[in-house]
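Visitor: Each step along the sequence shown adds one to the number in the numbering used here, with nothing skipped, and position 47 is 47.
Hints are not guaranteed to be accurate.
Mimicking DSSO-like on lysine-lysine, the simulated pairs with C-alpha atoms at most 30 Å apart in a straight line are [as the list claims (entries may be wrong)]:
1. LYS74 with LYS49
2. LYS108 with LYS80
3. LYS101 with LYS49
4. LYS108 with LYS49
5. LYS19 with LYS8
6. LYS101 with LYS19
7. LYS74 with LYS101
8. LYS49 with LYS80
9. LYS80 with LYS101
10. LYS19 with LYS74
11. LYS74 with LYS108
12. LYS19 with LYS49
13. LYS19 with LYS108
Just the calculated beta-carbon pair ranges, DEER-fashion [as the list claims (entries may be wrong)]:
14. LYS19 with SER53: 27 to 33 Å
15. GLU44 with SER23: 16 to 22 Å
16. GLY82 with GLY51: 21 to 27 Å
17. ASP15 with ILE76: 29 to 35 Å
18. ASN11 with ASP105: 35 to 41 Å
19. GLN3 with GLU83: 34 to 40 Å
Worth flagging that the hints you see were computed from the coordinates, not collected in a lab.
Think of the CB as a built atom: it goes at the ideal place given N, C-alpha and C, for glycine as much as any other residue.
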Amino acid sequence: MSQQELDKIHNSVRDAYGKVAESDDIGCGCGVPTSCCGTAPDLEGFSIKLGYSADDLLSVPGGSDMGLGCGNPKVIASLKEGETVVDLGSGGGFDCFLASKEVGDSGKVIGVDMTPAMLSKARN
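Using the sequences and the hints given, assemble the complete structure.
Guide: Below is the structure:
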């Protein structure tokens, strides 16, 4: 694949995720029907199926869980106080906010995303 084709794909992905962040729509996570596809998703139900608890969903800033994820790193990683977490493709920061509660004030959570609109959403 040429560099031009790779750049086109990269830009398309960044634009699509940017539109989700800017519109406050629910995203297209693994197996989540979305409003852009014609069906309104049950975001809470989807998140519960991924292993997030009702407390998890209530403990994060509104809008940070956009249904863009394909898993729940919290149930896989046994995070401990003081650890450093890097979340690649952090989107609106949903998993970052949850991880920050696990690693506490002595830990660090770093969210990385290629979409400026997502980073802005996570910061706000």
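Visitor: Each of the hints needs a verdict: does it hold here or not?
Guide: Against the structure, the hints:
1. For the hint linking LYS74 to LYS49, the alpha-carbon distance of about 13 Å falls within 30 Å, and the restraint holds.
2. Note on LYS108 and LYS80: the hinted pairing holds, with a Cα-Cα distance of about 11 Å set against a maximum of 30 Å.
3. Simply put, LYS101 and LYS49 have alpha-carbon atoms about 21 Å apart, close enough for the 30 Å limit, and the pair holds.
4. The straight-line distance between the Cα atoms of LYS108 and LYS49 is roughly 27 Å, inside the 30 Å bound, and the hint therefore holds.
5. Taking the CA atoms of LYS19 and LYS8, the gap is about 16 Å. The hint holds against a cut of 30 Å.
6. Restraint check for LYS101 and LYS19: satisfied, since their Cα atoms lie roughly 29 Å apart, inside the 30 Å limit.
7. At most 30 Å may separate the alpha-carbon atoms for a hinted pair to count; LYS74 and LYS101 meet this at roughly 11 Å.
8. Among the hinted pairs, LYS49 with LYS80 is consistent with the structure: their alpha-carbon atoms are about 24 Å apart, no more than 30 Å.
9. About 10 Å separates the Cα atoms of LYS80 and LYS101, which keeps this hinted pair within 30 Å; it holds.
10. For the hint pairing LYS19 with LYS74, the CA-to-CA distance comes to about 27 Å; that is within 30 Å, so the pair holds.
11. For the hint pairing LYS74 with LYS108, the CA-to-CA distance comes to about 15 Å; that is within 30 Å, so the pair holds.
12. For the proposed pair LYS19 and LYS49, the alpha carbon gap of about 26 Å is at most 30 Å, so the pair holds.
13. Restraint check: the Cα-Cα separation between LYS19 and LYS108 comes to about 29 Å, which is no more than 30 Å; the hinted pair holds.
14. At about 30 Å, the CB distance of LYS19 to SER53 agrees with the hint of 27 to 33 Å.
15. Between GLU44 and SER23, the C-beta spacing of about 20 Å keeps the proposed range 16 to 22 Å intact.
16. Checked against the hint of 21 to 27 Å, the pair GLY82 and GLY51 passes, with Cβ atoms roughly 24 Å apart.
17. A C-beta distance of roughly 30 Å is found between ASP15 and ILE76, which places it inside the suggested range of 29 to 35 Å.
18. Distance hint for ASN11 and ASP105: a CB-CB separation of about 38 Å, consistent with the stated range 35 to 41 Å.
19. A hinted range of 34 to 40 Å holds for the C-beta pair GLN3 and GLU83, which are about 37 Å apart.
In this structure, every one of the numbered hints holds.
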